[in-house]
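J.: If you want the building blocks of each chain, they are given just below.
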Amino acid sequence: MAEVTMEEVSKIYGEDVLAVDSMSLDIKDGEFVVFVGPSGCGKSTALRMIAGLEDISKGKVFIGDNVVNDLPPRERDVAMVFQNYALYPHMNVRENMGFALKLRKMSKDEINRRVEEAARILSIERFLDRKPKALSGGQRQRVALGRALVREPKAFLMDEPLSNLDAKLRVQMRTEIAKLHNRIGTTTIYVTHDQTEAMTMADRIVVLKDGIVQQVASPQQMYEHPVNVFVAGFIGSPAMNFIRARLEKENGGYAVTFGQTRISLSREVIGKSEGLGQYAGKEVVLGIRPEHIEDASLTEITSDSDCVTVTPQVIESMGSEKYLYFGMDKEMAAHLESLEKLTEGEGEGADQGGAEGSGSADDFGELMVARVSAESQARIDRSLKLAVDASKIRLFDPETEKAII
Amino acid sequence: MAAASASESRVNLNMLLFYVFLILFVLVSVAPLLWVFKMSIITKSELFASPPTILPNSPTGASYGTIFGDSSFQRALINSTIIAGVTTVICLFFGSIAAYAIARLRFRFKSIVMTLILAISFFPHVAIIAPLFIQFRQIGIIDTYWAAIVPDIVFALPLTIWILVSFFRELPVDLEEAAKVDGATTIQAFRKVIVPLAAPGVFTTAILTFIFAWNEFLFANTFLFDDRTQPVTVVIPNFATVYTVDYGAQAAAAVVVTVPLVILVLLFQRRIVSGLTAGAVKG
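So the sequence lines, in the order shown, correspond to chains A and B. Taking the numbering used here, the leading residue of the first sequence gets 10, the next gets one more, and so forth. Taking the numbering used here, the leading residue of the second sequence gets 10, the next gets one more, and so forth.
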């Protein structure tokens, strides 16, 4: 077990293609860190540089106290789990798991002991003598995990290990990997494009976009205080809504207005931001998560100015709650470049064509979502009032897209 | 009921047609081989009978007796095996290394390199025979196995490389990366992971190369004069004298020469066909 440190690490392809741009990160011993971002953001490249499968163009990678830049993968003592399992098809499960130990010239007894223990932890003892092709996807993934486990390496590197599994199995394996990490406590770096995996498994999340680290924070911190529009839109599902609004001074405090709506910002929201004053009277981007919007008739807020009157176009009933999709006036809908990038990336991992993905982005890009209680009587095409939880509002600079509060 | 049995009889008819055509196709394909085999087991008088017989009247092993009684033929079989075997081993060694590099490494002008390799086999063999003869005489390898092996390698290697490149490309890179992270050196990853997985492809290539070298005639006939080194392809026409041609013996020799290839293919067929990479990665 060891710390993993990245110091201004860059990956440059050819002359000037920056896949990873001076990434710095301190991963503590035993930490579970998730690299997340849309496709092409550099998350896998970053991981592969730590593994030694990609050269490091600039900067330094430390594993423990040693700079590993010039070490081949085999001397870095890290284990990797690949998206497509990468099991050796000509070896049975036992040989697959023991391969690394055999290369290290470990004694047969010790290899067997470790393989059997890992197999027991992953409940794959029954399959030890089978070839990978006789296993299901979930079982293969367990073997791949087992192959990493027996190594007792300094760190586990996982490159989208669950994205080839079906939805149900993915959720199950997610919990198992989290459990496994709690039990073994080995430093783990996990790459995914799925923000849910990031949120549920990580001690800390690293959000990447275009090779640049956007934010490093705990899941809760990331969810409550995204540093910019991109992170805000990427983390959380359904995604945060963005509205063009105006910030106004209001007897000692501030309020945001859009359309007929005027929401006073509570002291706790304002208190955190020093620079709010300079935006007074100017346009800002208001961000509000779907779960912080409620059917007004189910809350105590009834005054028109605190509410938004909308007409749902689509209602999805989830049983426990309802998702209301509604349009906003064109001038209010915030068109943000970084978010377009985000919807492009949604097709990643699946076989959907890019064209399909961007098509739906055009149709629904301006739709907002509210996540209201199941008791809501909302009907399609019938206007209703929605109440916004003012304490959860985030504001962003429309130019820099950085968070103001 | 009527409809069901009608469709059933249609299925049967389709199956029947399928097998009729299958048998026809196989017969047409193997007819020359069968004819040669028939020639090898009939008597000389039947060989020249007119009209020719379809089935042998009185099968005889005389022709086989003739060729196996001939010590130069036995010697030629051994020579052929040595020439084709050495050619195959050398081709596979260099071919697999070259093909692995071409399939895996990123470098400029890769497609030009591939085309150049293939261009070697565009050369008409006849065109280079005279200069090669002069060179080989200068080096002093005329009448040695090398006089046949060297040109065989030159012309078989492009084939070997092209087949192996396409085969190595099919192997998932992840497996090598997994092996490297698992602690293997590049050589270990190649030897313990890539080679076993590529085995079906390597066998296929080996057989094709072997057949190419085994059947080669022009170089052997030009560079080898001594029957201590001549392969069977050169020796078979020797069953003719100025006055007579022993067609029966030639046919028997042709059969004997073909049989090892058939055995080779049958032996390795399962390895060639087996989907060894199944289960390595998803999909």
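Don't read these hints as lab results, they were simulated from the structure. Incorrect hints may appear among the rest.
Said to hold, decoys possible - Covered by chain A, per the in silico footprint, the following chain B stretches (three or more residues, Cβ under 8 Å): (1) 176 to 184; (2) 187 to 194; (3) 202 to 215.
Unchecked claim - In silico lysine-lysine, DSSO-like type, Cα no more than 30 Å apart, as pairs: (4) A:K140 to A:K188; (5) A:K291 to A:K394; (6) B:K119 to A:K67; (7) A:K117 to A:K69; (8) A:K140 to A:K117; (9) B:K119 to A:K114; (10) A:K117 to A:K142; (11) A:K142 to B:K201; (12) A:K258 to A:K411; (13) A:K188 to A:K142; (14) A:K117 to A:K67; (15) B:K119 to B:K201; (16) B:K201 to A:K140; (17) A:K163 to A:K67; (18) B:K201 to A:K117; (19) A:K114 to A:K142; (20) A:K163 to B:K119; (21) A:K331 to A:K291; (22) A:K111 to A:K188; (23) A:K177 to A:K291; (24) A:K111 to B:K201.
We put the CB at the ideal spot given by N, CA and C, even for glycine.
J.: Keeping to a limit of 30 Å between CA atoms, is the pair of K117 of chain A and K142 of chain A held or broken?
T.: holds (25 Å)
J.: For the pair we were handed, K140 of chain A and K188 of chain A, check the Cα-Cα distance against 30 Å.
T.: OK: K140 of chain A and K188 of chain A at ~27 Å, within 30 Å.
J.: CA of K114 of chain A to CA of K142 of chain A, is that 30 Å or under?
T.: With a Cα-Cα distance of about 27 Å, the restraint between K114 of chain A and K142 of chain A holds, given a limit of 30 Å.
J.: Quickly compare the C-alpha distance for K119 of chain B and K114 of chain A to 30 Å and report which way the hint goes.
T.: At roughly 38 Å apart (the allowed maximum being 30 Å), K114 of chain A and K119 of chain B break the hint.
J.: Has the given pair, K291 of chain A with K394 of chain A, been kept, meaning a C-alpha gap of at most 30 Å?
T.: Distance ~26 Å between K291 of chain A and K394 of chain A Cα, so the pair holds.
J.: Would the pair K111 of chain A and K188 of chain A pass a check requiring their Cα atoms to be no farther apart than 30 Å?
T.: Holds, because 28 Å separates the two Cα atoms, which is no more than 30 Å.
J.: K117 of chain A and K69 of chain A: Cα distance at most 30 Å?
T.: violated (37 Å)
J.: Going straight from one Cα to the other, do K258 of chain A and K411 of chain A come out at no more than 30 Å?
T.: It holds: about 21 Å lies between the C-alpha atoms, which stays within 30 Å.
J.: Please verify whether K163 of chain A and K119 of chain B have alpha carbons no more than 30 Å apart.
T.: Violated, because 38 Å separates the two Cα atoms, which is more than 30 Å.
J.: Does the structure keep K177 of chain A and K291 of chain A at a Cα separation of 30 Å or less?
T.: Judged against 30 Å, a Cα distance of about 47 Å means the pair is violated.
J.: When you check the alpha-carbon spacing of K201 of chain B and K117 of chain A, does it fall within 30 Å?
T.: holds (18 Å)
J.: Check, residue by residue, whether the segment 176 to 184 of chain B contains three or more positions whose beta-carbon lies closer than 8 Å to a beta-carbon of chain A, and give the verdict.
T.: holds (count 3)
Taken one by one, the earlier hints fail for this structure at numbers 7, 9, 14, 20, 21, 23, listed in ascending order.
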